[in-house]
Amino acid sequence: MPETATELTELSAAMEPAGAPRALLLHDRFAGLAVSHNRILRCRSVDGLHIEGEETPTGARARIVVEPGVRLAQPVHLCFGVLPKEGVQEIVSQFDIGDGAQVSFVAHCSFPNAERVRHLMQARIRVGKGARMEYAETHYHGPQGGVEVLPVAHILIEEGGFYRSVFKLVEGAAGVVRLDYLAELGRDAACELDAKVYGKARDSIVIKESLVLNGENSRGLAKTRVVASEQCTSEVIGEVTGNAPYARGHVDCVEILTGPEARASAIPKLLVNDQRAKLTHEAAIGSVDKKQIETLMARGLSEAEAVDVVVRGMLR
Amino acid sequence: MLKVENIALVLDGKPILHDLNLHIREAEIHSILGANGTGKSTLASLIMGLSGYRPTAGRILFQGEDITELPAWERARRGITLAWQEPARFEGLTVAEYLELARRHGRNGDLGPSECLRKVGLAPEKYLRRAVDATLSGGERRRVELASVLAMMPKLAILDEPDSGIDPLAIENIVDVIRTLARNGGAVLLITHHEHVAAVADRASSLCGGTILKTGDPAAIARFYRNHCLECLHVNEPRAEEVAGA
Numbered sequence: 001m002p003e004t005a006t007e008l009t010e011l012s013a014a015m016e017p018a019g020a021p022r023a024l025l026l027h028d029r030f031a032g033l034a035v036s037h038n039r040i041l042r043c044r045s046v047d048g049l050h051i052e053g054e055e056t057p058t059g060a061r062a063r064i065v066v067e068p069g070v071r072l073a074q075p076v077h078l079c080f081g082v083l084p085k086e087g088v089q090e091i092v093s094q095f096d097i098g099d100g101a102q103v104s105f106v107a108h109c110s111f112p113n114a115e116r117v118r119h120l121m122q123a124r125i126r127v128g129k130g131a132r133m134e135y136a137e138t139h140y141h142g143p144q145g146g147v148e149v150l151p152v153a154h155i156l157i158e159e160g161g162f163y164r165s166v167f168k169l170v171e172g173a174a175g176v177v178r179l180d181y182l183a184e185l186g187r188d189a190a191c192e193l194d195a196k197v198y199g200k201a202r203d204s205i206v207i208k209e210s211l212v213l214n215g216e217n218s219r220g221l222a223k224t225r226v227v228a229s230e231q232c233t234s235e236v237i238g239e240v241t242g243n244a245p246y247a248r249g250h251v252d253c254v255e256i257l258t259g260p261e262a263r264a265s266a267i268p269k270l271l272v273n274d275q276r277a278k279l280t281h282e283a284a285i286g287s288v289d290k291k292q293i294e295t296l297m298a299r300g301l302s303e304a305e306a307v308d309v310v311v312r313g314m315l316r
Numbered sequence: 001m002l003k004v005e006n007i008a009l010v011l012d013g014k015p016i017l018h019d020l021n022l023h024i025r026e027a028e029i030h031s032i033l034g035a036n037g038t039g040k041s042t043l044a045s046l047i048m049g050l051s052g053y054r055p056t057a058g059r060i061l062f063q064g065e066d067i068t069e070l071p072a073w074e075r076a077r078r079g080i081t082l083a084w085q086e087p088a089r090f091e092g093l094t095v096a097e098y099l100e101l102a103r104r105h106g107r108n109g110d111l112g113p114s115e116c117l118r119k120v121g122l123a124p125e126k127y128l129r130r131a132v133d134a135t136l137s138g139g140e141r142r143r144v145e146l147a148s149v150l151a152m153m154p155k156l157a158i159l160d161e162p163d164s165g166i167d168p169l170a171i172e173n174i175v176d177v178i179r180t181l182a183r184n185g186g187a188v189l190l191i192t193h194h195e196h197v198a199a200v201a202d203r204a205s206s207l208c209g210g211t212i213l214k215t216g217d218p219a220a221i222a223r224f225y226r227n228h229c230l231e232c233l234h235v236n237e238p239r240a241e242e243v244a245g246a
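So the protein lines, in turn, are chains A and B.
According to my numbering, the first sequence is numbered sequentially starting from 1.
According to my numbering, the second sequence is numbered sequentially starting from 1.
It is possible that part of the hints are untrue.
Simulated DEER-style distance windows between Cβ atoms [as the list claims (entries may be wrong)]:
| # | chain 1 | residue 1 | chain 2 | residue 2 | range |
| --- | --- | --- | --- | --- | --- |
| 1 | B | Arg129 | A | Asn273 | 38 to 48 Å |
| 2 | A | Arg202 | B | Asp176 | 53 to 63 Å |
| 3 | B | Gly185 | A | Thr280 | 46 to 56 Å |
| 4 | B | Asp202 | A | Arg202 | 50 to 60 Å |
| 5 | B | Arg54 | A | Ala304 | 52 to 62 Å |
| 6 | A | Thr56 | B | Glu74 | 51 to 61 Å |
Chain B is nowhere near these chain A residues, computed Cβ spacing over 10 Å in every case [unchecked claim]:
| # | residue |
| --- | --- |
| 7 | Arg29 |
| 8 | Leu49 |
| 9 | Glu86 |
Treat the hints as calculated values from the structure; they're not laboratory data.
Glycine is no exception: its CB is placed at the ideal position from the N, C-alpha and C atoms.
Using the sequences and the accompanying hints, generate a full structural model.
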């Protein structure tokens, strides 16, 4: 078996705990990009979607272009991983979604053996006029908690465009997470930024989601769900700026503490520069809702089982 | 099946229940009538064993076993459950999963999740995959709660105003659920203000001022309730002459 094929098989096996079926990575039918450490193992385009990848000393550079008007029925699979215990992986990516195009990305990131791994993502995303992009990213980290994840994204959504992202890190030890997403919205554009993280042990989580509503009738939601157990610390910053008439923005943050030594904070920041804009926020921090627990206990679940059901549901 | 004996409950220094005695028989539908604030929901919480509702006096026997000190989940595993008037909502948990959770420690009745939903007037194809979250209306959520009780098929179901906020057309579904529970050998402790729903009871008790005043034929108790309790001005402080003159 060629070296690349062996690495790809190993990487696809490592992706399974993150919920990625092997076929997604290995099957030629799916467009996608797979990077193990700084080796590009797979880079496949399809009609209307072009992926260019370039290896760098510490990772890879990628440019993904969807032609205007192209609607891709199958999701594009992105896969990033570091299999050794140590290493740095820096992914610099650029997404250009043409006017009227529709595409969804399914990204899996796996660091199953990490003891000292840094994973840096820098993404610049343009969603063209009337275009639609969805980006679902699921992580799997090993149990040692030796991962630093630093995803940074700048998203520009043009008139009538739609962008939705879900960042999910609920399996394994999160380690250090510093997520920083900023979306700028044009007229009639819409955006949902959603992050779900389960922190354990001494994990340190900082999530910053910012929405700048520049266009009339633009709509944005910054949603975060964090469960902090043991000695985990969590900080969630949700920022919305309303710069245009009838812009609507909302910050929705829930952080649940399941251990006496866990710590959490939420910092919503709303800035309105046009009196016709309307921004709102809601944040709830604390233990699992007592009524939820008692409802499940009245069906025979122990308190620990009930907490697990509530937490797993929230992070789904 | 259930004997509540000489129960007293004090919350935040305030006496809520006192000298309360109640006997629920096997497969009996037993309704509790009482004005707002008389302690009906408190009694439900106390029988279920919710935290903060431990009696300061008396005991609760279920099938001969003293369960006064048992937590809610252990009582549930013995066959008691409670359907709340305002049930909790669960982000990310589907109706199908919620009903399956109820079956896990239930009596494994014949009714699967789809049948349970049909019984409460909800179409399974529309509801099984929906989340038990804020996207359900209050009425839908209460019906899902009743479906969950059916899925569990408990030995004793405590239903706290199951008709509250329910479409009048769906009241028959609730009556059917109550009868189904009883047909399957389960007792039902029914808290309701709805006379049509209360009419399914085999026996009824009147609760006033934190204690049971009378137990007996539902029609007689309903008359007592209509004539004395609806205009009761001394909630939680019953006067002896009111009881004596009933």
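Structure-based check of all given hints:
A hinted range of 38 to 48 Å holds for the C-beta pair B/Arg129 and A/Asn273, which are about 41 Å apart. Under the hint 53 to 63 Å, the C-beta atoms of A/Arg202 and B/Asp176, about 54 Å apart, fit the expected range. For B/Gly185 and A/Thr280, the hinted distance range of 46 to 56 Å is satisfied, since their beta carbons lie about 50 Å from each other. A C-beta distance of roughly 59 Å is found between B/Asp202 and A/Arg202, which places it inside the suggested range of 50 to 60 Å.
Distance hint check for B/Arg54 and A/Ala304: the Cβ-Cβ separation is about 21 Å, which falls outside the suggested range of 52 to 62 Å. Remark: the range hint 51 to 61 Å for A/Thr56 to B/Glu74 is upheld by a beta-carbon distance near 59 Å. The claim that A/Arg29 is not at the interface with chain B holds, since no C-beta of that chain comes within 10 Å of its own (minimum 27 Å). The Cβ of A/Leu49 lies farther than 10 Å from every Cβ of chain B, with a closest approach of about 31 Å, so its non-interface assignment holds.
The claim that A/Glu86 is not at the interface with chain B holds, since no C-beta of that chain comes within 10 Å of its own (minimum 35 Å).
The structure fails hint 5 only (numbered hints given earlier).
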